[in-house]
Amino acid sequence: GSEGGPQTTGIPAGAVTVFAASSLTESFTQIGKDFEAANPGTHVTFNFAGSSALAQQINQGAPADVFASASPATMKQVTDAGNGDGDAVTFVRNQLVIAVPKGNPDRVAGLTDLAKSGVKVALCAEQVPCGAAAKKALDAGGVALTPVTLEQDVRAALSKVKLGEVDAALVYRTDVRSAAADVDGVEFPESAQAINDYPVIVLKEAPNMAAARAFVTYVLSDKGRSVLTEAGFQAP
Amino acid sequence: MTPVLDARLVVERGGFRLDVGLRIGAGEVVALLGPNGAGKTTAVRALAGLVALTDGHIVVGGRRFDDPRAATFVPPDQRPIGVVFQDYLLFPHLTALDNVAFGPRCHGASRPAAHETAARWLARAGMADLARRKPRQLSGGQAQRVALARALAVDPALLLLDEPLAALDARTRLDTRAQLHRHLTDHAGATLIVTHDPLDALVLADRLVIIEDGHVVQEGDAATITARPRTDYVARLVGLNLYRGRGIGHTVTLADGFVITVADTMDGDAFVAFSPAAVALHLDLPSGSPRNTWPATVAGIQRHGDNLRVQLSGPIGAAADVTPAAAAQLRLQPGQLVWAAVKATETRAYPA
Amino acid sequence: MTPVLDARLVVERGGFRLDVGLRIGAGEVVALLGPNGAGKTTAVRALAGLVALTDGHIVVGGRRFDDPRAATFVPPDQRPIGVVFQDYLLFPHLTALDNVAFGPRCHGASRPAAHETAARWLARAGMADLARRKPRQLSGGQAQRVALARALAVDPALLLLDEPLAALDARTRLDTRAQLHRHLTDHAGATLIVTHDPLDALVLADRLVIIEDGHVVQEGDAATITARPRTDYVARLVGLNLYRGRGIGHTVTLADGFVITVADTMDGDAFVAFSPAAVALHLDLPSGSPRNTWPATVAGIQRHGDNLRVQLSGPIGAAADVTPAAAAQLRLQPGQLVWAAVKATETRAYPA
Amino acid sequence: MSKHDNPSTHHSDVLKPGPPAPVAPPRRRVGRRAPVALLIPAALGLAFLVLPLAGLLVRAPWSTLPQRLVAPGVLTALRLSLLTATIATVVCVVLGVPLAWVLARVDFRGRRIVRALITVPLVLPPVVGGVALLLVFGRKGIVGGWLNETFGITLAFTTAGVVIAEAFVAMPFLVIAVEGALRGADERYEEAAATLGAGRWTTFRRVTLPLVAPGVAAGAVLCWARALGEFGATITFAGNFPGRTQTMPLAVYLALEKDLESAIVLSLILLAVSVTILATLRDRWINTP
Amino acid sequence: MSKHDNPSTHHSDVLKPGPPAPVAPPRRRVGRRAPVALLIPAALGLAFLVLPLAGLLVRAPWSTLPQRLVAPGVLTALRLSLLTATIATVVCVVLGVPLAWVLARVDFRGRRIVRALITVPLVLPPVVGGVALLLVFGRKGIVGGWLNETFGITLAFTTAGVVIAEAFVAMPFLVIAVEGALRGADERYEEAAATLGAGRWTTFRRVTLPLVAPGVAAGAVLCWARALGEFGATITFAGNFPGRTQTMPLAVYLALEKDLESAIVLSLILLAVSVTILATLRDRWINTP
Ligand SMILES: Nc1ncnc2c1ncn2[C@@H]1O[C@H](COP(=O)(O)OP(=O)(O)OP(=O)(O)O)[C@@H](O)[C@H]1O
Ligand SMILES: Nc1ncnc2c1ncn2[C@@H]1O[C@H](COP(=O)(O)OP(=O)(O)OP(=O)(O)O)[C@@H](O)[C@H]1O
Ligand SMILES: [Mg+2]
Ligand SMILES: [Mg+2]
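Residue numbers (the working numbering), protein chains in the order written: chain E, 1 to 236; chain B, 1 to 352; chain G, 1 to 352; chain Z, 1 to 289; chain P, 1 to 289.
Chain E with its partners taken away, still in its complex shape (with noise of 0.2 Å):
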């Protein structure tokens, strides 16, 4: 319901406070500002840190309107403990790719690559998305392969790659982009079956329920989805 919010007009005004993923920083940043172009007397307030960090922040009743999660399971959280107003939606999806130094120089052509000795790999931890997507991507391929590490997130990962600790890692096709001067993204046909889903919501008890869900839905709208898929997302 929309009562006690400050709004009770369709018409959205007055301040958004969105908890989004931190891998979502710039792309988010950028929909806020062409929101707030676009609903005059809006304002929009983001807390972007670790999903899981942010579904407990929820949970233990932060002043959230909207929550935008880099995992279904993260979403879950929240979801269970009756936070969300309605399902949440899946606004984007993101497709892992296998990060190299630039110029490649391993010749890393597709997974099975990454199982050859000598070829140092970081993968992320099974518990965070972009690691339970690899594991399902390397099970697809009927890949073996011990990594080097299990890295907290996919960040980590790709600055491995980055300062040239590790020979590749699986990463997210958007941190490949925003990278684009030190790495290269080797994309392979395994990691289909390995996309991960970012869902939306709004917040049951969301201060300003009716701004909340017109951020939501300018989100999903051509304009929202513009800015993701320019920063490497696909649309769901």
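Careful, some of the hints might be misleading.
Said to hold, decoys possible - No more than 30 Å apart at the CA atoms, straight line, and that leaves these computed lysine-lysine pairs for DSSO-like:
| # | chain 1 | residue 1 | chain 2 | residue 2 |
| --- | --- | --- | --- | --- |
| 1 | P | K140 | E | K204 |
| 2 | Z | K140 | P | K140 |
| 3 | P | K140 | Z | K258 |
| 4 | P | K140 | E | K116 |
Hints listed in this document are in silico derivations from the structure and should not be mistaken for laboratory results.
Following the hints, put chains B, G, Z and P with the ligands in place on chain E, whose structure we already have.
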């Protein structure tokens, strides 16, 4: 008149046990003397409340400060005391002036008033020039004078001075002693002064209490103690030869059988004391009046003021004072055999 | 023979300036005396290398230890010294035994050997029983004896003792002094001992150096200094009345015009000294032999040994010793007018 | 003392030398050489601590530095960091020094356990610490719920929340450092103060505290630096709101999402500021007593 | 001294009282009451530090605790945490105590800057610290590249890397705490040692170090606890591989991604172990001198 201080101090620490009774009247000054490790500092600390009694009691001005049986213990800051510590314990971060002003401040004086009091006390201690110095910038004697001023500045009912003059030079010591004497004469409370200097005790104290190994061994005014020492330590302090034995008529027989003839009549356990100056030394058995003569060996010779002090071993140990001229004439040297003689009239005998 | 120690110590700190020359021969013991704050501890610290000279030099056994002009400075641990500090500075975390063993260990002795040496020194200091105690568990005098043992145990070429006996009780002091004397007699190196006790100086030292306010004011053997004090402080130390004036024949005229008749013939600047015992007090102007008589006011009376010491003000300040009987007869009390008389033969005059 | 109190006249002025030279010469350097056995590990330790900084400096995008410096959020975040770290340090000193005193000077049952519990925020991964803070001080938390209902105060996601998170993480440093200093201090001075009539509070304020000032200063430095670098607990408990709760470490975290270089630049700014502040403050502070 | 050295015979045995009672009675508690002005902030401070732990305890899934405890990776991670934190502490003590000594006792130019630089790892967000370590000790790093080419040693992704990351983050605590203690210590004991022939190294080892032992202990506790809780630099520099570089905080962080309860359980295990170790060790350790 009830005494200001009425205490029985029993403290046990490690293997050491202190057990002394102390009563000090209003305006009275008691000197606490005793060899190193006798428990003087421990007694002072117990009175100050820095160490708890294991038994006994401390009553000051009718107030019970410490009584293990009654589970009473008044902490040091609530006792009206002033303490000069053997190692001063001046606050290293405060100037001499602030050190002395500390007590008055704690007793409620305003800052300027406390500083004024402190400046007055420092001036009396001859430390006015150095009032702004930190303790680390003071010499040992200067620090001790500040410590004395600090303790006196709170005008305490019970003043506890643990060797307050030990670091002073001879001249300052004389002045400070005289001044302390004047102060103590006016002081309405009780004073306990620990000292190793018999002169301090004689000048400053109305009464002497001598402890050894945690126990009182002798107590009284200076004249009595000087005349009738009852232990080695006291005899040494007042410079007498002292022996203990059984008296029968005009003789006192020591434990090892040596017999001393004395002027007084004695019956039962008795002490015999005589001055080293009363001991005459001869190369041959002297004939004539001295009733006590014995062969002795020179164990050591030291200068002693203008004279020489000769340590004798033999049937009884003794010290003898001789003039350098006599020593030269006798050609005294360690290991030499001599005859020692003491006239009975030079001895003093008294019941043990 | 070149001296073991040849030093000129110039140290400036704050407003204080020390500037003394010191030469000590092999086996010689020099006592450094002086009022509080005269710079004795500073001199010891400079010799030990704990404070740097601002000028002068320190040469020990031909080795240059400190010389600001030559930019030479040998750190303390490379100087063959032993120091007893005025405040002991026993290592609080080590037992008495380990404190004493510390030096031998640093000089290369094995652990058992160092412990053996330490035990021997502690036993000599009468501290064998307390060898396992930590410094906090020792009394003041016990700690000082450990400190002395610690300094002696390294058998240094230059022994620096800063009031090493101040905390000892009278009896232990006598024993320790005697023992230290024996030790120093055998000691091949040089010894500097700081003390406030004239007796310590007389017993232990071959020569006395007296400093005041950072400068040497008198220097010599005990007899000379006792006989001919040259400053207030020294006069006090040896217990004499001292005046300075201009001598012409058998008279010495003080700055304020007072004339003292003396037995010796003097010409030019001169000192006059006489003992307080030489001052006779009379209620009326005495007739007869005393050549010096003057009216005086009793400023104060103190016990002094068996006698009373009377402070006199008047044309010249003086101290007079009288027996209690005489005092009673004269009914002496502060403020009273008396006549003081000193025979010319009791005075000693010597060039300033 | 009157002029005639003593048995000799005063003429020491005659005997005294001239007054000392008014200006003391500069003190000579006579420091003993430091032993190699200490210098080598010290140099290694220093290198170990400082080399990574050199790495950052090498990698920093110096050419673009000026424009990054003036990027909008940076100064705000820096100001917020300094402000919150300083307030957190004050809070830690006010609560932590008494706590350290109690641990060092009061003999109570369970002291050993309390002393070990103090280290909890050190061992707790900061993110979990943030969650724990949310559980207690959050809007639905034990204390936070009550605060919210009674006074309408919320701490989470506010600048006050940042201070709380930083203080929680940094306080143990202060407490343990100060307790160490208190245990090392000579208690006999406190006894002397007591005999002069000083109660425990006066003794604490006028004797104990000045004596352990170097320890308190060291603890406060640790505390401030740790608060300044705090990230995990802050982002979890206070969130990451620019201008309100986004401190420099949080900004660095977000910059890391974008590119390494921005993160390095932001870190270097934080370092430069804190090192400058510490270098100017600390020598003065630590040398006070 | 011989029996006859003194002028009186020895009979003190006659005068002495009986021997003292062999057993000393228990010492009475005569502690002065602690002042409220200190007790109240101390209690507040303690509550502030301990309440969040209470929050965790309330939230912990006690019923499922046993089965979570025996979950495969937990013990391995715990063992690795304790091992690496302890080795890191040893490294910090070996390098950090000399460094603290140099800072406190040697008067050199630039000391003030060095002292401020020591705090760099405190202020640096740990993740950036990890990056900085990679830049230096990584495979392509300044030192790491050389190590790799010359000896074939890589530090990243190894247990040694964990130790390096932890030591880097924790060393400043030790250095600053020990330096504070050294400045508070009475230098006159060091002078006394010098006059007994002890060089600076001997003085350091046999006098200085024992005197500041409580400060070193406090610093080591800080250091160990901080190393035990280290997360950001470790995961960045050493990565996260179970059994090799996955310490408890890393496990906790990853558990947090799944569910809060597992993370809380893991944190509580870590806390319980560290608090127990500290409670048993520290009282003994800190009371040594
Ligand atoms: N903490 C302690 N533990 C065990 N024994 C102690 C402790 N403190 C002092 N003692 C012992 O108690 C005895 C009395 O010590 P105290 O300091 O009272 O002596 P003192 O009479 O003041 O001696 P001094 O004249 O040397 O100062 C000594 O034998 C000393 O060794
Ligand atoms: N750190 C310092 N700064 C300034 N002045 C100092 C410092 N240390 C000592 N002094 C001054 O130097 C003078 C000499 O001090 P020193 O300790 O050498 O005297 P002392 O002869 O040993 O005296 P005492 O017999 O009292 O021990 C004193 O006046 C003292 O106040
Ligand atoms: Mg004593
Ligand atoms: Mg001195």
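Item to check | Given pair status - K116(E), K140(P), alpha carbons within 30 Å | outcome: holds, 21 Å
Next on the checklist: Can you confirm whether the C-alpha distance between K140(Z) and K140(P) stays at or below 30 Å?
Outcome noted: violated, 48 Å
Checklist entry - Is it true that the CA of K140(P) sits at most 30 Å from the CA of K204(E)? => result violated, 50 Å
Next on the checklist: Run the distance test for K140(P) versus K258(Z): straight-line Cα separation, threshold 30 Å.
Outcome noted: Between K140(P) and K258(Z) the Cα gap is close to 22 Å, so the pair holds against 30 Å.
Checked against the numbered hints above, the structure violates hints 1 and 2; every other hint is satisfied.
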